[in-house]
Structures are given as C-alpha cells and as structure tokens.
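Undergrad: Chain residues, written in single-letter form:
2 protein chains.
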Amino acid sequence: MSLADDMKDMGRRARAAAATLRQTNAATRSAAIAAMARQVRARVPAILGANAADVAGASGMIDRLRLDPGRVEALADALDQVAALPDPLGRETARWQRPNGLDIARVATPIGVIGMIFESRPNVATDAAAICIRSGNAVILRSGSDALATCLALHEAIAAGLAEAGLDAACVQIVPTPDRAAVGHMLGGLDGAIDLIIPRGGKALVERVAREARVAVLGHLEGICHTYLHQSADPAMARAIVVNAKLRRTSVCGATECLLIDRAAAPVLLPPIAAALREGGCALRGDPESRALADGIAAADDSDWGREYLAPVLAVKIVDGLDAAIGFIAAHGSGHTDAIVADDDAAAERFLAEVDSAIVVRNASTQFADGGEFGFGAEIGIATGRLAPRGPVGPEQLTSYKYVVRGAGQTRP
Amino acid sequence: MSLADDMKDMGRRARAAAATLRQTNAATRSAAIAAMARQVRARVPAILGANAADVAGASGMIDRLRLDPGRVEALADALDQVAALPDPLGRETARWQRPNGLDIARVATPIGVIGMIFESRPNVATDAAAICIRSGNAVILRSGSDALATCLALHEAIAAGLAEAGLDAACVQIVPTPDRAAVGHMLGGLDGAIDLIIPRGGKALVERVAREARVAVLGHLEGICHTYLHQSADPAMARAIVVNAKLRRTSVCGATECLLIDRAAAPVLLPPIAAALREGGCALRGDPESRALADGIAAADDSDWGREYLAPVLAVKIVDGLDAAIGFIAAHGSGHTDAIVADDDAAAERFLAEVDSAIVVRNASTQFADGGEFGFGAEIGIATGRLAPRGPVGPEQLTSYKYVVRGAGQTRP
Chain Y
1 MSLADDMKDM
11 GRRARAAAAT
21 LRQTNAATRS
31 AAIAAMARQV
41 RARVPAILGA
51 NAADVAGASG
61 MIDRLRLDPG
71 RVEALADALD
81 QVAALPDPLG
91 RETARWQRPN
101 GLDIARVATP
111 IGVIGMIFES
121 RPNVATDAAA
131 ICIRSGNAVI
141 LRSGSDALAT
151 CLALHEAIAA
161 GLAEAGLDAA
171 CVQIVPTPDR
181 AAVGHMLGGL
191 DGAIDLIIPR
201 GGKALVERVA
211 REARVAVLGH
221 LEGICHTYLH
231 QSADPAMARA
241 IVVNAKLRRT
251 SVCGATECLL
261 IDRAAAPVLL
271 PPIAAALREG
281 GCALRGDPES
291 RALADGIAAA
301 DDSDWGREYL
311 APVLAVKIVD
321 GLDAAIGFIA
331 AHGSGHTDAI
341 VADDDAAAER
351 FLAEVDSAIV
361 VRNASTQFAD
371 GGEFGFGAEI
381 GIATGRLAPR
391 GPVGPEQLTS
401 YKYVVRGAGQ
411 TRP
Chain L
1 MSLADDMKDM
11 GRRARAAAAT
21 LRQTNAATRS
31 AAIAAMARQV
41 RARVPAILGA
51 NAADVAGASG
61 MIDRLRLDPG
71 RVEALADALD
81 QVAALPDPLG
91 RETARWQRPN
101 GLDIARVATP
111 IGVIGMIFES
121 RPNVATDAAA
131 ICIRSGNAVI
141 LRSGSDALAT
151 CLALHEAIAA
161 GLAEAGLDAA
171 CVQIVPTPDR
181 AAVGHMLGGL
191 DGAIDLIIPR
201 GGKALVERVA
211 REARVAVLGH
221 LEGICHTYLH
231 QSADPAMARA
241 IVVNAKLRRT
251 SVCGATECLL
261 IDRAAAPVLL
271 PPIAAALREG
281 GCALRGDPES
291 RALADGIAAA
301 DDSDWGREYL
311 APVLAVKIVD
321 GLDAAIGFIA
331 AHGSGHTDAI
341 VADDDAAAER
351 FLAEVDSAIV
361 VRNASTQFAD
371 GGEFGFGAEI
381 GIATGRLAPR
391 GPVGPEQLTS
401 YKYVVRGAGQ
411 TRP
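Note that the protein sequences, when read in sequence, are chains Y and L. At position 311 of the first sequence (counting the first as 1) the number is 311 in the UniProt record's numbering, and the numbers step up by one without a gap. At position 175 of the second sequence (counting the first as 1) the number is 175 in the UniProt record's numbering, and the numbers step up by one without a gap.
Quick caveat, the hints were computed from the structure, so don't treat them as lab data. Be careful, since some hints might not be right.
Claimed, not checked - With beta-carbon atoms standing in for the labels, derived distance ranges:
1. Y:Pro-413 to L:Asp-68: 20 to 26 Å
2. L:Asp-323 to Y:Gly-327: 41 to 47 Å
3. L:Gly-101 to Y:Pro-176: 43 to 49 Å
4. L:Glu-207 to Y:Arg-71: 46 to 52 Å
5. Y:Ala-163 to L:Asp-191: 46 to 52 Å
6. Y:Ala-46 to L:Gly-372: 23 to 29 Å
Beta carbons are placed, not taken as given, at the ideal position from N, Cα and C, and that holds for glycine.
Please take these sequences and the hints and turn them into a complete structure.
TA: Listed below in structure tokens is the structure:
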C-alpha cells in the first residue's frame, strides 16, 4: 500500500477506536494509563537503547531528545499523575428545564480523533497518549524523525498498557515512518478522520501546520509575553516578578520577552531591575528613554518589539501609562500571556479586562502560564486562537459537549 | 481599489471595531440592538421597495426572499428580543484558588470577527447583526445576490442603530457587491481578520465553505435526523412525536428524515403511524419488512438511508433492537439531532450516551433542535462539528474565554 493508503487506514482505525473509547468508563481509562506507566518502567533498557540510537543519528536538539533513567521515570510518573486525574467525560456542565417541561443538559464528550505532530521531545508521546485517553480521544502520534526510534519504543509500552486494560490498540497509533509526507496527509485530515491537529515544536513546524491544515488546529505560534509595570507597582515585587518571568526558564513560551514601564515610575523601577537582570546574565535592549535611566542597555530596533527571543534577552520600553501599554501589547503581543504589576486596583482590572490574551496576569510571573500550574494536572499545549479551547489545554479542555434533551412526549407547536 | 483590497480593508476595519466593541458595556450593546429595531420600523417603505426589486430579479427562493409589513415587523421584533437578552460577556464560568494563592478565573470574551455568508433570507442579516453585537463580535455580512438590495436597506437601519448607540459603524459591515469572488476572499480570512465563518444556506454553499475555508467554520452540512422507536415506546406518544418530527415543518434541519422501529414492536407501532403520516401528506419509503407491515409504503433503496429530504418524505427501517439503531445512526446520521422514544429508562439512557450527535433527545420531537426552543433567545446556526461551539449557537455560545490570574507577587519556583 502507498503511504497515503496506510495513513487513511490509520485514520479509519482511529475513528473506529474513538467510537469504542467514548463508551468506556473512567476506571478503564485510568487503568490503561496506569498500565502504560508500568509498561514504560518495565522497558527502560529498550527505551534507552532506542534513544541512544536516535541521539547518535540526531541532527540537533540533542538535549531535548536524550533520555536517561531519571527522565524515563519522569515520563512514567507523569502517566501515573494523569491516571489519577478526575475523568472529564460525562460531566453535566449545564442543566435546565424549559417551560414546556423539556429537561436539557449539556454533557462533556470526547472530541474524537487528535492528530499530534511533534518534533524531538519523546515525553510528548506519552503525555499526549495519557491526556487523550483520559479525555476519551483517540490519537495519532507523528514524531520527528530524530526521535522516531525512541517514540516507537515508548509506543510499545503505550500499546501494552492499552491491551492490559482491554482497549483498542488503535486508540493510540504512531506513524512508523520518518517520511515527511505523512505530516501532509495528517494535515489533510485523513478523509475526515482527524478532528483536531495539535502541533508541538518549533516555529517552522507550527507555521507549516497553520498554513496547510484542512482541519482545526490547537496550539500557538509564538509566546510573545509582556510584563507591564504600572506606576503603582511595588518596586520589590516588580523586580522579583520580572526576574522570574524572564529568567526562570528562557526557552518556555510563557517567558516574558518585553518589559513595559510607566514613564512616571521608570526612574525608580528600572535601575534595580536592570541590575538584577544583568546579574542573572540577561542582555537588555531598550528604547532611548530606558537606556538613559540604566546602565548596560543596548539599543533596541523595531525588530525587538514583538520578538520571541526564547533566550536571556529582554526588550525594554518606557510607555506613557496604561492605555499606551495596552495598545503596545495589542500591536506586538501574540495573545498568549501578558502581565501587569500594579497596586492600583482600577488600573489592574482595566488591564485584565482590555488585554485580549488567552492568559492575563496581575502581580505574578508570566511563567505561571502552564496547565500544571493552573491545576489541570497535565497539559497537551497552550492555545492562543480566539476560539475555545484557549489557554492551557488539559484533559478537561480536550473535550467537547452535546445536549441531552429529556422529554415526556413533547411535540413542537 | 480591487475587490481583494476592498475586502482586506473591510477586514482591517472589522478587526479594529472588534477591539473597541469588546470594551463596551452590556447596556450600550442592548441600546444599539434596540435602536436597530426602531430604525428598521422607521424604514419599512424603503426596505419593502428594495425587496420588491430583489424579488423582481430573483432566480428562485422567492418565498424565502419576499418581505411584507408583517415579516419586517417580525425582523424588528427579533431584534428587540435579542436586545433584551442577558449579556454573555464578562461572565466568570469558573474560578478557583491555587495552593500558592493565585486566583484564577475563566471569563467569557468575544471571539472577534465573524464572517456571515448567507443566501436569500433577509432576516439572517438582522439576526446575525443582533446576535454578534450582543456577544461583542464584529461581523461582515455577505448576502446572496438575490437578496442584496434588501440586505443593503436593512444594513442602513443596522448602521443607524449602531450610530445611535455610539458604536463603530464597522461593527457590522456588508459586502456591497454581488461578485461571488467576495466569498472566496472571506473564506481566505482577509489576512487573518476573520476568526470564524458561519454559512447559512443550501448544501452547495455549505460544501464550498467547508472545502475552501482557511479559517474555522461553524455550521452544519446536513440535518439527517433519526427518530428511533424502542420496543418500550408508548404507541400514542410515538405516533404524536413522529408526525410532529416529520411534518411540523419539513424544510428545517431538525426535521426527522428516517424512522427506525424495533422489530419486536413494529407490528403494533408502525401501522397507525404510517396511516397518520399518509393522512398528513407524507410519502413513505421503507425496507421490505416495514412494507409488509403497513400499506402505502414505497420501496426504499440504499440512497434513502442517510438522505436529507427536506420534504414530506420519510424513510422507514425495521431494526433489531437498540444496538442496531445506534449503529445505523452512526453509519447514516449527520451528527445533528437524533431521538429515541422509549419508556425503558436503561435503553433510553444508553441511546443518549452512545449516540454522538450534537443533540440527542428522549421522548420528544427532533424539531426542538432550535436555539429559541433551548431558551437561547436567538440562534445564528446549529453546529454539528465535534469541536465547541456545538448544537444551537446563540449569543452565549458565540463567545470564547480567557483566564484572568490575580496574584500577590507570586513567582514560579
């Protein structure tokens, strides 16, 4: 069979598996995920052996790709955590009666079939399998070629876990070939078999997915996060938040990339923050006003506004108050996560109401943009589109709903 | 300027208007919609004059297109009803605290810019304007050429209503040309300006939208609704529900197109229902078993299963119990609305749980598939995709959400 035929066959099997998966109960889904964890722990040598082969042939991203016994245990532990999460299916998210006596309930249902396209992080394979099974969705995994051997070894553990719980093996399938054409077939939807594509990887991948996908896509292209210091900001709080938002981890999508400071308070706020950031190894690129207020700030150019560094680099701009900050974020942000530091309640609430990002934050670090930190237990991605699901996406967010109407013989006039 | 440039300019103005609209309060949005109603009533002669010109030049669909004073008043009354609806924006749909003290709220927000593509029903213009303004979304209306003059006259009333309330005229724009290329530009998203396309019209339009759209689409291709009579169904209730579900209105998407009857009860249930349907002028097309049980049932062929007649025609099939009915609906339904008539609670609940349609119904007519009947006050469409919004879509369903995180200086460990 051709690759196209093979892929369509995967789609058909995934659709059929999804139909059976939605009928399973929460205990069965939990048992399958817990069994995956046991199967991963039972296969550590095989997984590390496959990973060593991947690392030997890898072109880059070695750190993201490489596994060791500790990292494999972390994968298994993440599976155990998802196995213990409350099941999102069947929840009544609304229920009401109509004057004619009809009882209408909105009930959480699985979406159906997820297409997970990722690059070199093997943990995405196990995380996605767990979150999809938890939420009753079948998933087709497509790993980057660098991580394919590792992900195939992990998939053997996933498949064994599904079998232990009596679930259809097609609930979690993996594309067995590195052929890049497979991604194109998935983006085409496999004859309507795929309901939602979730890309996890670099900008090039996400841009290709956004450009070519013929089905819904969940994800974010960039995390261009801003932290805005209002003139009412407490200086010590502002310093601690900015240093954490930028430097805790610079490679995550919730890292602050641009610091905005009210002109009125900049002479007080900026110098100690600039010093703390430089101590932390962060390069600063500022506008002329900010450079006049603190040492060691290089000159920013227009390419620094709205730029995702994913590195210890921070753009700094002085703004003329709340409206200017909101306008700057609207012009240069990516709708991911933006924060204000302010003691002034009215100013803070206006920022939270008017900034149209998936996550808006007052007096905390933008690096809290994470499903785990939100209490979702696990996260398959963060969505910055305007349609739901938006923001961190865990098992509960990876569901849809249907309306259940219970009557006593009502006919419509 | 070329049409492409004109359309992109509409998109830019819509995006800018959406940014201001999301900051308005509920009273302003209500005032704008109520003012639209007054402006429609003040323009009845102009609207009817434009409509007479449309009707004179129309190629078909005259009944859907034609307005009279009563129908114009109905449009205005629908606007008044939406003006009186509760505002969906700013609602906290969830709020919780994290152990670190972070307060997280999920708050309803507008989606942004809606592209409304419809054919010859002028009421879609005013209904869509009202529902979009109620939910804080800007909208670009694209009317079929048959109804363009009428919709331009209605848009003058809409624009005057927006102006009365001090809202940006670009909150509701209409494509002023019948050029079909305009639809293609909208389906391309107008450089990212359009967040969601809602098609309202015939199958050809909806198929084109589904095929060409580069942005999210909300709607349904077909309403292939089934009513299944379980062997425990009360005969009188079953007869009343089936007659209503098929014949109340045969042109609506919630009309039942196929009747499934348990073999065990078919000899009792089918004859009186077939007689009542024939009395009501409904043609029946059945499988051999059903034809042997009642008079006047023509022979169905395979093309009758999964067929949307939108006419006084009903397909009839005898099935071997609940699982066969669920399987038949999975194979031939369109995921819109499917009903069971049953006194047996266990059978009914299994049907409601296992049929994966946007709306599942027990002991009531499938023709309740309607936003007004659900209590949504108004409806811009019914969605059969698996991703939310699903089912009837009113102002509340036409919103997205964002997460508002309130802290006290928290940084992430």
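Undergrad: Give a verdict on every hint.
TA: Evaluation of the provided hints:
no.: 1; hint: Y:Pro-413 to L:Asp-68: 20 to 26 Å; result: holds (23 Å)
no.: 2; hint: L:Asp-323 to Y:Gly-327: 41 to 47 Å; result: violated (59 Å)
no.: 3; hint: L:Gly-101 to Y:Pro-176: 43 to 49 Å; result: holds (47 Å)
no.: 4; hint: L:Glu-207 to Y:Arg-71: 46 to 52 Å; result: holds (48 Å)
no.: 5; hint: Y:Ala-163 to L:Asp-191: 46 to 52 Å; result: holds (49 Å)
no.: 6; hint: Y:Ala-46 to L:Gly-372: 23 to 29 Å; result: violated (59 Å)
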